[in-house]
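> Sequence:
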Amino acid sequence: MTSNAHPARYGYVILASTLLFGSTFPATKAVLQEMTPLWAVSLRFLVAALSIYPFLLLKRIFLKRPIIPPAMPWRVIAAVGLLQTAGSTGFLNLGLRTTSAPKASILMACTPLLVALLSAIVFKEKIRLLALLGLLISFVGVVLCIGPAAVAAGKFGLGDALVLCGALCWSVATLLVKRANLRIDIFLLSFWQMAIGALVLAALAAAAGEKFAAPVSAPIWLAFLWLAVPATTGAMALWFLALRLGGAVQTCGYLFLSPLFASIISFFAFGYVLSPVELAGGVLIGLGIYLGAKGAPKPAALAAAA
Numbered sequence: 001m002t003s004n005a006h007p008a009r010y011g012y013v014i015l016a017s018t019l020l021f022g023s024t025f026p027a028t029k030a031v032l033q034e035m036t037p038l039w040a041v042s043l044r045f046l047v048a049a050l051s052i053y054p055f056l057l058l059k060r061i062f063l064k065r066p067i068i069p070p071a072m073p074w075r076v077i078a079a080v081g082l083l084q085t086a087g088s089t090g091f092l093n094l095g096l097r098t099t100s101a102p103k104a105s106i107l108m109a110c111t112p113l114l115v116a117l118l119s120a121i122v123f124k125e126k127i128r129l130l131a132l133l134g135l136l137i138s139f140v141g142v143v144l145c146i147g148p149a150a151v152a153a154g155k156f157g158l159g160d161a162l163v164l165c166g167a168l169c170w171s172v173a174t175l176l177v178k179r180a181n182l183r184i185d186i187f188l189l190s191f192w193q194m195a196i197g198a199l200v201l202a203a204l205a206a207a208a209g210e211k212f213a214a215p216v217s218a219p220i221w222l223a224f225l226w227l228a229v230p231a232t233t234g235a236m237a238l239w240f241l242a243l244r245l246g247g248a249v250q251t252c253g254y255l256f257l258s259p260l261f262a263s264i265i266s267f268f269a270f271g272y273v274l275s276p277v278e279l280a281g282g283v284l285i286g287l288g289i290y291l292g293a294k295g296a297p298k299p300a301a302l303a304a305a306a
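This note's numbering puts the last residue of the sequence shown at 306; the count rises by one with no breaks.
Treat the hints with caution; some may be incorrect.
[As the list claims (entries may be wrong)] Derived DSSO-like pairs: lysine-lysine, alpha-carbon spacing no greater than 27 Å straight-line:
#1 Lys211 with Lys29
#2 Lys124 with Lys294
#3 Lys126 with Lys294
Hints in this document: simulated from the structure, not taken from any laboratory.
Construct the entire structure; sequences and hints are all you get.
Written as structure tokens, this is what we have:
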């Protein structure tokens, strides 16, 4: 193993994860044209969990690894399913009914700042000034990418509060996964937490009286399948792996790339043209992430490889 094997692997993993997360914004926007919010996210995670099952089955047959190990940390997995799957995406989809997608993107971009704040308050972790400065610069970059007008548009309403609740759920789940230091198979963790989250969301959709509706057109089916498998199964597995390799605050800082990737994907998919302001925002995001990485303490997994 070369001295930079782990840092290089961490970089590839977190970039791939945030790229896939970025693709969820245009895909979700398309899917919600034909599906109700809670049923859409419930079916998304159910399909995502089922897409992992064949891999677990193959490991069960050839590697003799059980799908339900005897020492499963069920409390932590259930909490992650409730927070990261049901809470984060459920609140986001509900919030999108009454707030704009750009404004929701900015509010979700508060996640790295919330992780840093919770780390300092709850776990008494010292956040270095350079890392905090990097987070703030990246946040300004996100605002420029999405559009300053989205911040000033309208008052802070119920939809905005729901999206912010989703960001808080993601933040708590991130710290929970990192603190629990789960040493189980990444796909096993992804499967069970998404399955639990999907069932909770289905129950909430039924209780709320949402009308069940599946996609009816081929383009929306394609958007839904992309959202369910690569943008969920792949992104979640890579995210948990990145958390295992890197620190929570540093890893969450890369989430600022997701809105930038969403803009780039929109450029190629819908012909959306990036403005000079958005390009400047992308530069600030990159600068902020660089400063955040420089100012963050080196995680043990990466320090061992340095």
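> Any of the earlier hints contradicted here, and which numbers?
none
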